[in-house]
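Chains as they are written, first to last, in my numbering: chain A, 1064 to 1469; chain B, 97 to 244; chain C, 370 to 723.
Calculated directly from the structure, the hints in this document are not laboratory data.
Computed from a predicted structure; not experimentally measured.
Glycine residues also receive a C-beta, built at the ideal position from the N, C-alpha and C atoms.
Misleading hints may appear alongside valid ones.
What the hints assert, rightly or not - Dumping the calculated DMTMM-like pairs for lysine to aspartate or glutamate here, alpha-carbon to alpha-carbon at most 25 Å:
{"#": "1", "chain 1": "C", "residue 1": "496", "chain 2": "A", "residue 2": "1428"}
{"#": "2", "chain 1": "B", "residue 1": "108", "chain 2": "A", "residue 2": "1214"}
{"#": "3", "chain 1": "A", "residue 1": "1246", "chain 2": "C", "residue 2": "371"}
{"#": "4", "chain 1": "B", "residue 1": "242", "chain 2": "B", "residue 2": "188"}
{"#": "5", "chain 1": "B", "residue 1": "141", "chain 2": "C", "residue 2": "371"}
{"#": "6", "chain 1": "A", "residue 1": "1093", "chain 2": "A", "residue 2": "1214"}
{"#": "7", "chain 1": "B", "residue 1": "108", "chain 2": "A", "residue 2": "1195"}
{"#": "8", "chain 1": "B", "residue 1": "185", "chain 2": "A", "residue 2": "1380"}
{"#": "9", "chain 1": "B", "residue 1": "110", "chain 2": "A", "residue 2": "1081"}
Claimed, not checked - Residues on chain C that point at chain A, a partial pick, calculated with CB under 8 Å:
{"#": "10", "residue": "427"}
{"#": "11", "residue": "452"}
{"#": "12", "residue": "456"}
{"#": "13", "residue": "493"}
{"#": "14", "residue": "540"}
{"#": "15", "residue": "642"}
As the list claims (entries may be wrong) - Residues of chain B placed beyond 12 Å of chain A at every Cβ, according to the derived structure:
{"#": "16", "residue": "101"}
{"#": "17", "residue": "193"}
{"#": "18", "residue": "194"}
Given next are the chains, with one letter for each unit.
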Amino acid sequence: MAQEYRVLLEYADKINPEKASDYIKVGGYKGLEKARSMNPKDLIEEVKKSGLRGRGGAGFNAGMKWSFVPQYPETKYVVCNLDEGEPGTYKDRIICQKNAQALLEGMAICGYAIGSKQGYIYCRGEYPFVVELLKNAIGNAKESGALGEFDIEVRMGAGAYVCGEETALIESIEGHRGEPRFKPPFPGVEGLWRMPTVVNNVETFACLPYILTNGAEWFAGIGAKSYPGTKVLTLTGDIENATYFEVPTDYLLRDVIYELGGGVKGGKKLKAVQVGGTSGAFIPPQNLDTPIDFDSMSAIGAALGSGAVFVMDETRDIVDIVNRIAKFFEHESCGQCTPCREGTFRCKEIMEKINNGRGSLQDIENLKLLARVMMKASLCGLGQAAPIPITSTLTHFEYEYLRKLV
Amino acid sequence: MANYMDIIASCKDKPGGIIEAYHAIQKEYNYIPQEALKEAARAFKVSEAQAFGVATFYSYLSVEKRGKYIIRMCESAPCHVAGADEVLKTLEAHLGIKVGETTSDGKFTLELTECVGQCQATPVVTINSEPIFGVKPEMVPEILAKFK
Amino acid sequence: MDIKLTIDGKEVVVPQGTMLIDACRQAGADIPTFCFDPDLKLAGSCRMCVVQPKGWRNLVASCVTPAQNGMVIETESPDVIEARKVVLELMLARHKLTCHTCEKDGECNLQDYCYRYGVTESRFVGKVHSLFKDDSNPFIERDYDKCVMCTRCVRACDEITGARAINVMDRGHHAKIATSFDGELADSPCVFCGQCIMVCPVGALSSKIAAGKGKPAQNEKVLTTCTYCGTGCTLELNVKNDKVVGVTSNRDPEWSPVNRGALCVKGRFGWDFINSPERLTTPLIKENGEFREASWDEALNLAAQKIKGIKEGYGPDSLAMFSSARITNEENYLAQKLMRAAIGSNNVDHCARL
Ligand SMILES: Cc1cc2nc3c(=O)[nH]c(=O)nc-3n(C[C@H](O)[C@H](O)[C@H](O)COP(=O)(O)O)c2cc1C
Ligand code: SF4
Ligand code: SF4
Ligand code: SF4
Ligand code: SF4
Ligand code: FES
Ligand code: FES
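Isolated chain A, as found in the complex:
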């Protein structure tokens, strides 16, 4: 039977996440020490070699991202993305509540690699208690001297999913409306206050201490070759064990649901599973034997995304759920660009119409057209991904739509 493999969460509930000393007792801050004994260039190489890729959704190679940061500017920033807005996702909260010091250590390692002394954690407004926890954890780590010269400030979001997009997040830290910037320039070159900035997800940072302590080869050897390491998943919906798990990335989706998850709730049959949060594709049961890693998920037209696993049983009404999701995107669009501002609103309208039994085949055609243009022409990932639940269900569950038409 496939097992959990805990790296980030090995000492969950056994150590106090606020206390640096607890963390040090279980081997913490050794990674930072090792990093600081290295030349920053070699450190970046080591991170590249580990194969660590972003855990926030885009799956970009972390070391590669750091290597784009120019050396010369005095001021650079390390920013941690704790916006965690994808519905069904709470793994970053869990990592903070169980192992906050690993996040701080990871940020300090990144700071050393790119030559930055200032970090920011952007925590979503829904987690005021995590803000408190992190402030205490930072205070404690600073006091213990573990972070050295590296400072970290926590900023709190205020209810805007789009602020998880890295440039919107930067705008928000700057005190602005959370409207994504056009790219290029990328944050690595022009980020926070127009200075070079690395933005990484909580989980990405939290992997670093273990990579440094145990070596890049060790990490590269865990899970899927092209997306190594572990991944923290959160299971929601019609599932027996609605909780979180840390698994190696070559873990099969089927095992996530039927082994760790204990199967569909009440022994019902599975209709669909949506991985990666609300912007993810709906996966039909025939694709369950896919490993959860980034590339395997992409290969079936889905995405690992945030690692949320939303399970729907045979009784669920797909169109109703997609309608709800369409409303989410309409509510969360920043409103800057035309395809998304107007498109998410019209998608919601058309989905409502179909869901209420007033839709026609023409409405489905219009949805497909809108989806195509939103994906290709929107300014940021929100508008580009918003139609995925619609298109993926039109591909795999078209009959659910057809039976609701007038």
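Given chain A's structure and the hints, the job is docking chains B and C with the ligands onto it.
Frame of chain A; chains B and C with the ligands shown alone:
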């Protein structure tokens, strides 16, 4: 009640800290009063129009008066399939208000929210950001009674 | 270092840092835009200017994407046309389409592009909530039911005028242009310069003073210099049937070197007196409490005679001169010279000091 001038002054040195100031103001007032917004604009050297644009962008900030307790019903997909609609209806019935409104005694404001990251026990309601798990319609009276 | 790329089959060479939109225009392509404005910071938000780089998954907004070596760009591929049509239809779906009475009719980007792409109606019509702003100010009509949210007005107000009166409020589909607390312009730092009208690509912002007097195509545009002050801004009189029916401005620095299209409230809105029947066209002399018409010679002689008389009777300091900001520096110089040298008093002042 702390004066908004003092609250803003205490955040003034954080670059771009206007959102932090808004959070601090809301902690005291539960919304951002007009005078406080104007003062924040001045302190952070942005136009009032921009300060207003920022305050109206974020769902958790409000420029309109709200109740002492802000109840938010999560309606994201996992909570939706777990019966959020029914809980919402019960909340509306018990409070005698619709989403977006405040009870006449100024005690409760009812809002919708997207996922609050507590999906291990859906559906979730938060009251002043404190999550309440696995809420069923029949639990509503008991929950509300706790908030005086 | 120069960059070489191919646009619609033509090879072009542009300097590093050139945006695709300029490279495309250099290649002769006509790129439609709403939010792009060469005098303002980039927004990249309307997505009308999208083009297709070969081998890329997505379309790119040409106004904010730098040209790269070896790029192969198509500016009117089927995907590009589809995207532009859908953008137009999405705009139309919430647009108060009243071209027949619209001040912008004939020089409106939305109208022009719909014509160009044959978009007669929108497939996405649904609920429309009115955003019209009833604003009692005498100068600017704010009909946000025609707004395409390009934010050029916001940027012009910030970057050209510096008044920072307006911004975007709310988000998503409900976002709109507003002053602080969505009030009226008169209660905001607005100085009624009308730069926002100047940059608006559609008829969402228009002049209340010129409303109904003439459509762009009916008006002849005559370049002239504003007479209100010594700055000497270039403005464009809109002339219909030999009458001034509006003032617009020309943004081309060659024609408008002083102000590049920017005006103040007086220049842009203070012209309706021109055709007023109350306007003086000849000097008047008051006799026995009544005005009568007089010639310039008679009037000037009378004034000179009276001034002389006062100076002889009561001394030069019993006279004072108050001159106008509407005359040039040179004329103001002469005015103080007259006062100091010919009359012998330092009692000179000027309205711009007040
Ligand atoms: C609409 C949108 C929302 C996003 N939300 C999050 C988020 O909540 N957390 C996160 O880490 N990344 C989020 N991202 C991805 C970030 O833009 C960025 O890629 C990520 O923080 C980079 O970190 P990583 O490389 O470590 O994954 C989001 C992207 C988009 C387009
Ligand atoms: S895609 Fe949506 S969220 Fe992203 S910039 Fe455009 S409107 Fe904003
Ligand atoms: S703004 Fe343009 S499209 Fe709209 S009514 Fe006026 S002329 Fe017609
Ligand atoms: S008239 Fe001038 S000051 Fe007023 S909103 Fe328009 S651009 Fe700003
Ligand atoms: S009012 Fe005009 S300039 Fe301003 S955002 Fe709307 S369309 Fe653009
Ligand atoms: S979906 Fe409701 S708390 Fe996550
Ligand atoms: S003109 Fe390029 S995005 Fe608007």
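Checked hints:
| no. | hint | result |
| --- | --- | --- |
| 1 | 496(C) <-> 1428(A) | holds, 19 Å |
| 2 | 108(B) <-> 1214(A) | holds, 19 Å |
| 3 | 1246(A) <-> 371(C) | holds, 21 Å |
| 4 | 242(B) <-> 188(B) | holds, 17 Å |
| 5 | 141(B) <-> 371(C) | violated, 41 Å |
| 6 | 1093(A) <-> 1214(A) | holds, 18 Å |
| 7 | 108(B) <-> 1195(A) | holds, 20 Å |
| 8 | 185(B) <-> 1380(A) | holds, 20 Å |
| 9 | 110(B) <-> 1081(A) | holds, 24 Å |
| 10 | 427 | holds, 5 Å |
| 11 | 452 | holds, 4 Å |
| 12 | 456 | holds, 5 Å |
| 13 | 493 | holds, 4 Å |
| 14 | 540 | holds, 5 Å |
| 15 | 642 | violated, 41 Å |
| 16 | 101 | holds, 19 Å |
| 17 | 193 | holds, 20 Å |
| 18 | 194 | holds, 17 Å |
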